[in-house]
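Dock the two chains into a complex; use the hints.
Here the protein sequences line up with chains A and B, keeping their order. Counting in my numbering, the first sequence runs from 1 upward without gaps. Counting in my numbering, the second sequence runs from 399 upward without gaps.
If you are wondering where the hints come from, they were derived from the structure by calculation, not from laboratory data. Virtual Cβ for every residue (Gly too), placed ideally from N, Cα, C. Watch out, some of these pointers could steer you wrong.
What the hints assert, rightly or not - Quick partial rundown of chain A residues pointing at chain B, CB under 10 Å, derived from the structure: (1) E9; (2) M36; (3) R51; (4) C59; (5) L105; (6) E106; (7) K121; (8) R124; (9) S125; (10) R325; (11) A346; (12) T348; (13) V388; (14) F390.
Unchecked claim - Computed list of chain A residues with no C-beta within reach of chain B, every gap over 12 Å: (15) D185; (16) H188; (17) Q338.
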Amino acid sequence: MRGWTGVGEGRLHIQIGIEQGVIVKVALNSTRPVGMSDALTGCEPAAIINRLPRLFSLCGVAQAVAGLTAVETALGFTPPPPQTAARRFLVVAEALEQTAWQLLLEGPRCIGLTPAFERLKRLRSLIAKLCPQLFPDPIWNRIGGARLQPDQAGLATTLAEMGECLHPAIWGEPALGQPWQERRDFAHWLDQAATPIATLLRQVQDCGLADFGRCATTPLPTFDPEQLAQRLAGDDGQMFCARPDWEGVVYETGALARQWDEPLIAALRADHGNGLLTRWAARALESRALLAELREGLHTIVAQPGAAVDVTATGAGLGVVECARGRLAHWVALAAGQVSRYRILAPTEWNLHPDGPLFQGLIQARTGQDATIRHAATLLVTALDPCVGFDLTIDEGS
Amino acid sequence: MCIAIPARVIAVRGPNALVERYGEQLEVSLMLLAEEVAPGDYLILQARAWAVEKITADEAQEAYRLFDALFDANTQAKVNPAIWLEP
Chain A
1 MRGWTGVGEG RLHIQIGIEQ GVIVKVALNS TRPVGMSDAL TGCEPAAIIN
51 RLPRLFSLCG VAQAVAGLTA VETALGFTPP PPQTAARRFL VVAEALEQTA
101 WQLLLEGPRC IGLTPAFERL KRLRSLIAKL CPQLFPDPIW NRIGGARLQP
151 DQAGLATTLA EMGECLHPAI WGEPALGQPW QERRDFAHWL DQAATPIATL
201 LRQVQDCGLA DFGRCATTPL PTFDPEQLAQ RLAGDDGQMF CARPDWEGVV
251 YETGALARQW DEPLIAALRA DHGNGLLTRW AARALESRAL LAELREGLHT
301 IVAQPGAAVD VTATGAGLGV VECARGRLAH WVALAAGQVS RYRILAPTEW
351 NLHPDGPLFQ GLIQARTGQD ATIRHAATLL VTALDPCVGF DLTIDEGS
Chain B
399 MCIAIPARVI AVRGPNALVE RYGEQLEVSL MLLAEEVAPG DYLILQARAW
449 AVEKITADEA QEAYRLFDAL FDANTQAKVN PAIWLEP
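Chain B with its partners taken away, still in its complex shape (with noise of 0.2 Å):
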């Protein structure tokens, strides 16, 4: 499933914006994005490549208040599993 979590944004760079969330930092595009950015903001992504969404800060920190609680539950180590499969 596609989940929303929001990334903050570094810095602006022309079309694109560096973003950061959990520690990973991301390039990605304001193309389809109507509003104006500025670093600080918070966007929601898709694809890991295209900000579709700016939201307030405390829409963002609800969301990781969320997603803390989601990956307490879930750990790396209960994602699907690789699967190798022949004919």
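Chain A with its partners taken away, still in its complex shape (with noise of 0.2 Å):
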């Protein structure tokens, strides 16, 4: 470790200005620092594979299998359909828990909650053991597929007890009904429920707040690979990975996106558009159909013994990956067995983006009368969560 003092994975800043309790002003500086896979540059494909859950915190299993795919591709290999089940798996079972982290522990922080740390920390040591129960060795980011041998009686019973876990910390007692598909239920259960999410939910209802942060920002649409791959290739000052836009527009990704044609979420998005009401909502029914997608993934996972891969290969590919905050795309070029190029598009550039959600919702905003800017301010970037801390700067006199 030398001597950058004070280096880190940077912060958000953001700057509101208000005139006469209008946002008019937003200012959104990072410092998170970009370029980071220029370092990879230069690299073995299996050097990267390797490096890649090393280098990333939060989608640590996310950034390994979109690189992983992308080196595949361009080595020309396909992957056999349970070695890309499995990872699927482990991106959803990642995908999952940081999910449950914006609900049980960030959201309830931001209206003065005590955080579910127990319950969170129960879930993470159950998706702690769904690795070794797919992959008994203990590297399963390999290139040409770790060999696979799924324990199906153990992720059945790990995966019961992850919705054992999760299921009451979301949506309480069952005896509240199926509050996720009709808007009458959905009411309903706003009403009685003590959850964290159900408090929030129901704070943002009643302080005014359902509305707040409501844009004409829409999901991004799905990508077509080849002119993907050809953006990010000619992508030399990474100027479209920092501030990406697709055929000129700017999109949102992640829970919501996602969620966007949920009977409930159109419901919802009829009334208060995407606004905080619904997006948080989103991100409940993400951690259930979340769960639902492992406990269906589980079926198409079968041993497999994984293969050995020529890695001197000279060619080009591209890994697109779903995972907690969006879709998140890895490009790479290789020559020779060595990486000529490397780009990283992550989602946190969407939803942050000087014209994306975050601000397209801060502008022109304005709280209802039981609330703050900075509360609703806060809800609002905690609902998009952005993959790095923030600090939210408020000037009353612009």
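Structure follows, in structure tokens:
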């Protein structure tokens, strides 16, 4: 560790200017380092795959899978379906942990509740059991696939325990019904439930913040892989990776984008757009969808030995993964077994884009009568879930 | 992106720890960590506030080598600039 005093993962500094109760100015100042991927140039593919989970603290599994997919594509190798399914399983489990983090820790902190530490700790310990239940050897992120030997009974038990841990902490008692489909059931649940996310949503509703952050930004559409690969390959100055657009439009990605067309979320959007009530409700629904995906995914994972792959080839490849914060893309060019260029497009760059949902949701916003701008903005930034911490400065004299 | 710079534990204070990395000291919560922590251990943090993983000294040194190279290539002049936007 050399003398780079004070360097770190960086921080998001958000400055808001208010006039007569309306946000008229928004400054987004990020000190997150850019150009991370340049440090991978010159490496051998296997070294990169080993390093990715160590470079990233929040979505290490998703980063590793995006990297694996990109490298294997560049090498002309298509992993067998069970390997792909097992990797996806681990990505979804990681996304569930981060979603629970928002619902049990960050969300409650926004409204002054004590986070559900023990529940989150328990969930994290259960999720940590999944990887060795799939891959008996220590290294799962191997080019060509690692030895896959799923302990189906053990995995099913772990998933059941995860559900028993998470469901009551988010949805409460079974007697409160199934509030994740019909608007009427959701309203009933919102009146009755005492879980942290229900308390948060009720406060958002009662303080007149249901529409706060509402803007016209829509979900990121499906990428055309060739088109995305071209953008990343030609991104010399990394401006696309830092401030992406798709055909000139800035989109959002993440939980709300994925839950956009769910009946409950569509109904909430009809009344509140993509404001706070819809955003946080989508986060709660996301936890349920991720757990369901894990249960369904389990049946597609069977034993598979992995394969040896010639890593000296030349080529380029793209890996796209839906992870906790949204869509993550890695692109790699290999020349004679070494990385000649690497690019990473992270989901946070869409959501914190200068013309993205955070900026568009804040500018011209005003709060309800029982809420402050600081409280509302904190809820919005937290709902968008940037991958670094943030500071919020409010200038009421601008 | 959420880079994972290891932090060395200087002192344990109940449910928190004082940690240091690249000359910066932080007070972090140990509430989500399953393992016991002692001074000299290395931790991975989330959002500069929560210890989420304990790693070995060898893993930490390997990570520091990676981040030294990264910061050599990405001086602080190369971070995202401030953006002021108005409607």
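Checked hints:
For E9(A), the shortest C-beta to C-beta distance to chain B is roughly 5 Å, which falls under 10 Å, so the interface hint holds. Hint on M36(A) holds. Least Cβ distance to chain B is approximately 6 Å, under the 10 Å limit. Contact between R51(A) and chain B, as hinted, is supported at the beta carbon level, the nearest pair being about 6 Å apart and thus within 10 Å. Nearest Cβ of chain B to the Cβ of C59(A): about 7 Å, under the 10 Å cut. The hint holds.
Interface restraint check for L105(A): the shortest CB-CB distance to chain B comes to about 8 Å, inside 10 Å, so the restraint holds. Hint on E106(A) holds. Least Cβ distance to chain B is approximately 8 Å, under the 10 Å limit. Annotation: K121(A) was flagged as interfacial toward chain B, and the flag holds, the nearest CB pair being 5 Å apart, inside 10 Å. The beta carbon of R124(A) is positioned within 10 Å of a beta carbon in chain B (closest approach about 6 Å), and the interface hint is therefore held.
The beta carbon of S125(A) is positioned within 10 Å of a beta carbon in chain B (closest approach about 6 Å), and the interface hint is therefore held. Taking 10 Å as the C-beta contact cut-off toward chain B, the hint placing R325(A) at the interface holds, the least distance being around 9 Å. Hint on A346(A) holds. Least Cβ distance to chain B is approximately 5 Å, under the 10 Å limit. Checking T348(A) against chain B: minimum C-beta separation of about 7 Å stays under 10 Å; hint holds.
Interface hint status for V388(A): upheld, as the beta-carbon distance to the closest one in chain B is roughly 6 Å, under 10 Å. Interface hint status for F390(A): upheld, as the beta-carbon distance to the closest one in chain B is roughly 9 Å, under 10 Å. Look at D185(A): its CB is around 32 Å from the nearest CB on chain B, clear of 12 Å, so calling it non-interface holds up. Once the 12 Å rule is applied to beta carbons, H188(A) is consistent with being away from chain B; the minimum gap is 33 Å.
At the 12 Å boundary, the C-beta of Q338(A) stays outside the reach of chain B, the nearest C-beta of that chain being 16 Å off.
When the structure is compared with the earlier hints, no violation turns up for any of them.
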